[in-house]
Structure formats: structure tokens, C-alpha cells
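Participant: Produce the complete structure using the sequences and hints provided.
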Amino acid sequence: GAGVSQSPSNKVTEKGKDVELRCDPISGHTALYWYRQRLGQGLEFLIYFQGNSAPDKSGLPSDRFSAERTGESVSTLTIQRTQQEDSAVYLCASREQGQNSPLHFGNGTRLTVT
Amino acid sequence: KNQVEQSPQSLIILEGKNCTLQCNYTVSPFSNLRWYKQDTGRGPVSLTIMTFSENTKSNGRYTATLDADTKQSSLHITASQLSDSASYICVVTLTTSGTYKYIFGTGTRLKVLA
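Protein sequences, first through last, are from chains A and B.
FYI, the numbering for the first sequence is 779 to 892, going by this note's numbering.
FYI, the numbering for the second sequence is 5 to 118, going by this note's numbering.
Source of the hints: derived by calculation from the structure; they are not laboratory data.
Treat the numbers as computed from the prediction; the structure is a model and nothing was measured.
There may be inaccurate statements among the hints.
[What the hints assert, rightly or not] Straight-line distance between alpha carbons at most 25 Å, and here's what the computed DSS-like set of lysine-lysine pairs gives:
1) 835/A - 5/B
2) 835/A - 105/B
3) 5/B - 21/B
4) 61/B - 21/B
Facilitator: In C-alpha cells, the structure reads:
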């Protein structure tokens, strides 16, 4: 079946502009995660949605970052007033219920802030 | 502090050779450990999961081990192929209050040469 879909795959933006990244999770997956991966580094947790519960926003690096998810469907990650240090690959993952269920990742959005 | 450390950072081997990647963790409470493969420009894909009671598990040419006492895991790749060139990421799951948190290692970048 269809996997996790992210769009756009690449985004180049000027410093100071806002960007919106989209994630379509696998249907039926209740949990959704956003991660940031800087070049040559590990995945950095940003935010976690689980069903209709309040999201875990503990990984968001600043108030310029926000994310929304409607029910168990699409999620958007918004970065306001982008800075050069925001340049990275932003990965979305979804997971079905169960502690041994794997994360299913999209291929990410590569964001470049010039 | 919950941490996952992987070694080596990078590895180059010739096609057909075997290799072993290491993962040490200090994560509590431990739920499971999973190895992911991340091809360049793609999201990570799960290779295998190790739960507390499992010592070894194979998935084709990949064999993972877990020593819960020493908090170490390894991923052994047999008869490497060019397509094994990727980053291999060790991820430990911890469960608190019914929610799952993932602690990511920074990965081992494997290059298989013809």
C-alpha cells in the first residue's frame, strides 16, 4: 500500500520567509512524528501527535516552529521567519498502535534557506 | 541521560565481505531496540527489532544481537552487496506513562565498494 508521503521533496527559500511542509501518513496510523536531520547528523525529535491527544511539542527548537494535525490525517509543519540554521531534511514518520510497531518514514523535505 | 552511541561512524568494505556495526545505549526504561537502514535521500526503513528477551534475530543477510545486561547491540551484515551502502541507525524505544519515545543513534555510514 501507499507509504508516508511528504511534500515538497525540496524547498529553497530566502531567509526570513515562512515555509509549510506537508506529511500524509499511512492510513490508520494513529501516531505521527516530525524529525529534523541535519547533514551528517542523527535524527532530532521535533513533535509527536497521538490520536486526539495533546501533541508532545517538547522537541520544537523555537517558537518559530509549529505543527498541526487534523485527526489522524495530514500534518503540516510550519517554520516562520526561516533562518539559515533551519536548513535540514525534515522527516515525517507514522506508526500504528503497539509498542513494537515500527516507524514508517517518508523520504523527507530537504529545506535550504539562502 | 538517555543516549545511544554507534560505532564506527563510517566504514568502507569490499563487496562480499562481512561487517559488524555496534550500538551501545543508556536508555531506561528500555522497551525495544530497532535497526533502521537509511539510503541516501530516503527515509529510514526498519530492518529488525530486538525486545528485551531476544538475543539474536536474523533478516536475510542481516543478523542483530542484543545483550540487555551490557546494553549493547550489534548488526552483522554477511556477504555485503553494493546495495548495502547506506546509513544504519540504532534506535531504542523507551516507554513512559503509555507513550513511546525514540532515542536515535547518529548512525554508521557504510560504503561497499566493488
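Participant: Run the structure past the numbered hints and jot down the numbers of the failing ones, going up.
Facilitator: Result: hint 3 breaks, nothing else.
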